[in-house]
Amino acid sequence: MTGAPKKLSATQHQAVIAIISHNTLKSAAESVGVSVRTLNRWMLNPLFAGKLKQAENQLIESGIRQLMLLQGDAINTLAELLNCEDDLVRRQAAVSVLSQLIKLRELYKIEEKLNEIEDEINAKELSQSYS
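Numbering (our numbering), first residue to last: 67 to 197.
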């Protein structure tokens, strides 16, 4: 044998879809007619693992797009709840808003720091390439 195949078989493509569509590897394996052991072995194959990761990322991106469409309604609902007569509901809405704001701020700080680190790395690589 000359190493790993350069492309996935039809069954492997079906397995990628099955893995992201089923709750367990067992049910995914059964749906494409292979064993769980085979799926586990395929998942060690860089090509298969890459296709699976790509499919998972596409699924996540699709979910994010769907959530983005709902954000206006969610914000409006929280705003309405902040004016509710029930003190407990108002308090929970306020805590929810503040909690999300804090998380968002933390993510922005992390992103800023990551960008700084990437800029430093790129600058070092550029200076080394001219050395």
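It should be emphasised that the hints constitute simulated quantities derived from the structure, not laboratory data. Predicted model only: the values in this text are computed from it and were never measured. Quick reminder that beta carbons are idealized off the backbone N, C-alpha and C, glycines included. Certain hints may be false.
What follows is a set of in silico ranges between Cβ atoms, one per label pair, in the way DEER data are often shown [to be verified]: (1) D153 <-> L113: 53 to 59 Å; (2) N123 <-> T143: 28 to 34 Å; (3) N111 <-> E184: 26 to 32 Å; (4) S195 <-> H79: 44 to 50 Å.
Taking the hints in turn, this is what the structure says about them:
1. D153 <-> L113: 53 to 59 Å: Since D153 and L113 have Cβ atoms about 58 Å apart, the given range 53 to 59 Å holds.
2. N123 <-> T143: 28 to 34 Å: This hint holds: roughly 29 Å between Cβ atoms.
3. N111 <-> E184: 26 to 32 Å: Distance hint for N111, E184 holds at roughly 30 Å.
4. S195 <-> H79: 44 to 50 Å: At 40 Å between Cβs, range violated.
When held up to the earlier numbered hints, the structure conflicts with hint 4 and nothing else.
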